[in-house]
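**Q** One-letter residues, chain by chain:
Number of protein chains: 2
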Amino acid sequence: MTRAETPEFSFTLHATDGAARLGTVNTLHGAIRTPAFMPVGTVGTVKGLYLDQVEDTGADIILGNTYHLMLRPGAEEVAKLGGLHKFIGWKRPILTDSGGFQIMSLSKIRKITEQAATFQSHIDGRKHELSPERAMEIQRLLGSDIQMQLDQCLEYPHTEKDAEKAMQLSLRWADRSRKAFGSQPGRGNFGIVQGGINERLRRTSAEGLKSIGFEGYAIGGLAVGEGQALMLQAIEFTEPHLPKDRPRYLMGVGTPEDILESVARGIDMFDCVLPTRSGRHGQAFTRFGKINLRNAKHATDTRPLDPESPCPALSCYSRAYLHHLMRSGELLGMMLLSWANIAYYQSLMQGIRQSIAEGRFEAFRAETKEQWKRGDVPA
Amino acid sequence: MTRAETPEFSFTLHATDGAARLGTVNTLHGAIRTPAFMPVGTVGTVKGLYLDQVEDTGADIILGNTYHLMLRPGAEEVAKLGGLHKFIGWKRPILTDSGGFQIMSLSKIRKITEQAATFQSHIDGRKHELSPERAMEIQRLLGSDIQMQLDQCLEYPHTEKDAEKAMQLSLRWADRSRKAFGSQPGRGNFGIVQGGINERLRRTSAEGLKSIGFEGYAIGGLAVGEGQALMLQAIEFTEPHLPKDRPRYLMGVGTPEDILESVARGIDMFDCVLPTRSGRHGQAFTRFGKINLRNAKHATDTRPLDPESPCPALSCYSRAYLHHLMRSGELLGMMLLSWANIAYYQSLMQGIRQSIAEGRFEAFRAETKEQWKRGDVPA
Chain X
-12 MTRAETPEFS FTLHATDGAA RLGTVNTLHG AIRTPAFMPV GTVGTVKGLY LDQVEDTGAD
48 IILGNTYHLM LRPGAEEVAK LGGLHKFIGW KRPILTDSGG FQIMSLSKIR KITEQAATFQ
108 SHIDGRKHEL SPERAMEIQR LLGSDIQMQL DQCLEYPHTE KDAEKAMQLS LRWADRSRKA
168 FGSQPGRGNF GIVQGGINER LRRTSAEGLK SIGFEGYAIG GLAVGEGQAL MLQAIEFTEP
228 HLPKDRPRYL MGVGTPEDIL ESVARGIDMF DCVLPTRSGR HGQAFTRFGK INLRNAKHAT
288 DTRPLDPESP CPALSCYSRA YLHHLMRSGE LLGMMLLSWA NIAYYQSLMQ GIRQSIAEGR
348 FEAFRAETKE QWKRGDVPA
Chain R
-12 MTRAETPEFS FTLHATDGAA RLGTVNTLHG AIRTPAFMPV GTVGTVKGLY LDQVEDTGAD
48 IILGNTYHLM LRPGAEEVAK LGGLHKFIGW KRPILTDSGG FQIMSLSKIR KITEQAATFQ
108 SHIDGRKHEL SPERAMEIQR LLGSDIQMQL DQCLEYPHTE KDAEKAMQLS LRWADRSRKA
168 FGSQPGRGNF GIVQGGINER LRRTSAEGLK SIGFEGYAIG GLAVGEGQAL MLQAIEFTEP
228 HLPKDRPRYL MGVGTPEDIL ESVARGIDMF DCVLPTRSGR HGQAFTRFGK INLRNAKHAT
288 DTRPLDPESP CPALSCYSRA YLHHLMRSGE LLGMMLLSWA NIAYYQSLMQ GIRQSIAEGR
348 FEAFRAETKE QWKRGDVPA
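These protein sequences, in sequence, are chains X and R.
Straight run, no breaks: the first sequence in this note's numbering ends on number 366.
Straight run, no breaks: the second sequence in this note's numbering ends on number 366.
Hints may be right or wrong, so weigh each one.
Because identical chains share one entry, a pair is satisfied inside a single copy or across any pair of copies.
Computed list of lysine to any residue pairs in SDA-like fashion (alpha-carbon distance at most 20 Å, straight line) [claimed, not checked]: (1) 67 / 289; (2) 73 / 302; (3) 284 / 61; (4) 95 / 118; (5) 284 / 59; (6) 284 / 68; (7) 284 / 64; (8) 73 / 303; (9) 360 / 211.
Worth flagging that the hints you see were computed from the coordinates, not collected in a lab.
Start from the sequences, fold in the hints, and give me the full structure.
**A** If you want it as C-alpha cells, here you go:
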C-alpha cells in the first residue's frame, strides 16, 4: 500500500441522541461502526468461534492481548509469521490491550516501578518485564490497529492514595507510550483514564491525557468489583472531560445492560469476555434476557433461543438440544452458546446504532430493558 | 410419507476390485456410499464439529449410541422431541450402536444374564437393564436407520471358552433382536459377528447370523487390544462366511491404515472415535501421515496441513497457528483438528471408492501408504 493509499486513522461522529453517539472509526484494516462491541480474542482466537462466524455476527473489530501474546507465542514470533492479522486469519481491525490489566489479574508476583512492570508468567512462572515502551513495541510487532498505552490497574477496593499513585504513574507511562508509538499511518494509540471511582482523579487523568493527545481515550479500571452504580457514576463524571471528537472506549464492560447504560452516557467502544465465557458455562444472553441452559426446565423445550435471529446458533438449535449438550459437557454446547452470545451482543449494538441514527435511542433503551424483564413466553 | 414412497432398505454392489467392494446402502434417510466411514456422534454430536461441516466433508451417515442416549437424555425423551434426526439436526442416515461395547468399556458394575445386561451408569451410578428387546426399542424410539443387535463384547485378551460363551449368547440375542426389530420400512437391522480371534467361533457366529437373516453384518469385538495383525487375520477368516449381497461393517475401526487394509479384505463400513479424539489431543491425520501439532517444530511453520484440501481446516490455517492453539489449550485448536481429521478420513474414503470404480484399488492402496511413509517435505 503506497502512502497515498494509506487511510488516516480517524473518527467521524455522525449523530448524537442525548449523550449517545453514532460514529465510525477508520483504520488501516477498515471501518468500525460505533457504538461497537469488540469480541475478545485474548490469545489470538475468540474462544469457541470461527472468525467467519465472528465476522458474520457483524463484529467490525476484535481484541488481542499484549500480555498473553508476548508470553505465547511471543511478539517477535508473531511478527515473523506476518503479524497478528495474518497469523489468526482476520482481515478487519484489531485492538490490542497493553497488558496492564492482566498483570494485575493473572500474574502471581508483580513489581511496579517507575520504569516498568515486572511479573511472573501465569503459564510457566518465568519473570518478564513490561515497560511502556516495550508494550508499544509488542503491539507494533503484532500490527494492531488500535494500540493501548501501558497502565497500572488496581483491584477494587483500594485507597484513594493508591488510586492517585497508580493514576499518576499511568499518566507518566501514557506520555512514554505516546512517544514510543510514534507515527503509524492508519493506526491509533489510545490513552487510558485511571483514577478509580474518584471524580478529581478521573478529571486529572483525563486532562493529562488530553494534553498529551491520543487518537482515542479509554476508561480503565472499572468493572473490577465496584458494581454497576459506581461504574456508571464514574463514567458520568469522566465523560465531560473527554474530547468529543475522539472515540471513547470503556474497557472490559460488560453485560448487555452495562453496555446500554454506558452508551447512554457517551461511550463508543466496549470489550468483554462475558459473552464467550458465559457461553462456555451454559448461559445465553438473548432478547429475552439471560437463559441458563443447564436448567432442567429446558430439557423438553423444542424452541430455539430466538426464532427471529439470523444467527443459526440462536435460531436453529432447540433449547432441549442445547441443554443436553451443556449437561453432557460437549464442545458443541460451548461453541453454540458462545456464538449465540456474540451474535446477540452484535445485534444489540446494531439496534443501538440504528436507534441513535433514527433519534429514538431512549425508546430503544426502554423497550430493550422491558423485553429483558418480560422474558420469553413459557414453552 | 406413504408406503409406496418409502424406500426399501437395500444394498447394491456396484463393483469389486480384488476383495474391495464399491456399493450403496439405501435407507429411509438417503444413500450411503460404501466403503463408508461414519463419524461418531456418541451423545448426539460429532465432538467439536458442526453437522454442516460433517456433511461438507462428504460423510453420508453418522453414528449415535444407544448406551449414551438411553442414559441422557433418554430414548423416550428423544422420541418426544421428534427423534434423533430432528433433535440433533441431521437429515441423512444415522446408525446406532446397541450399547454392548459401552457396557463393557464404560460402566463399572455389570452383570450379564441370559435375559439382559445389567450395569451402572458411568454418569450417576444408577442401575440400568438393557435386554436385546429394549436395545431395539430404544433404537426404534431414536429413529435410527441402521439398528444394531445387542451383543456381548469381551476385552482382549480372553479365553476361548469365554469367547465362545459370549458369542453364543450374542447369537441368541441376535435372534431376539431380530424379532424385536420387526419390520421397519427403509430401516435396517445388523447382526454382529463375535468370536474373538478364533476362526471356528467367527464362522459359527457368521453362519448363525446368516440363518437368522439381517440387512447387514457387522464384525464386532475387534480393535480391542489384539493389534492390527490379529485383527486383519480375523477379518480374513470371517469375511468368506458373510453374504456378498449385504453390507459388512467393521465396528470401532480405526486408523487410516486399518481402514485401507480392511477395505482390501472386503469391509464396507467403518466407525471410529479416533479422528475426533486425536484431533482434540493435537494429532492430525493427513495425506502425509500423522502430524502432532503440539510438537515444537511446527511453531514457525506457516504451511497449512494440506494446501490442496478443499476443507478449510486442512488448507486455510497454518501449522504455526494450530500449534499455538493446541499449546494454549484453545477450543478452536480442538475444533479445527477434529474437523481436519474427519475431512481427511472422508477424502480417504472418496479416494478408495474412486479407485475401486476405476479398478486400481491396489495401486491407490500402495500410493497412499507410500505417501504416509514419505511424509511431508520439511518446511
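**Q** Compare the structure with each hint and give your call.
**A** Verification of the supplied hints:
1. 67 / 289: between (49 Å within a copy, 10 Å between copies)
2. 73 / 302: between (32 Å within a copy, 14 Å between copies)
3. 284 / 61: between (46 Å within a copy, 15 Å between copies)
4. 95 / 118: within (18 Å within a copy, 56 Å between copies)
5. 284 / 59: between (42 Å within a copy, 15 Å between copies)
6. 284 / 68: between (48 Å within a copy, 14 Å between copies)
7. 284 / 64: Classified as between: cross-chain Cα gap 13 Å, same-chain 49 Å, threshold 20 Å.
8. 73 / 303: Intra 32 Å, inter 11 Å, cutoff 20 Å: inter-copy only.
9. 360 / 211: Close neither inside one copy (25 Å) nor across copies (55 Å); limit 20 Å.
Violated hint for the displayed structure: number 9, the only one.
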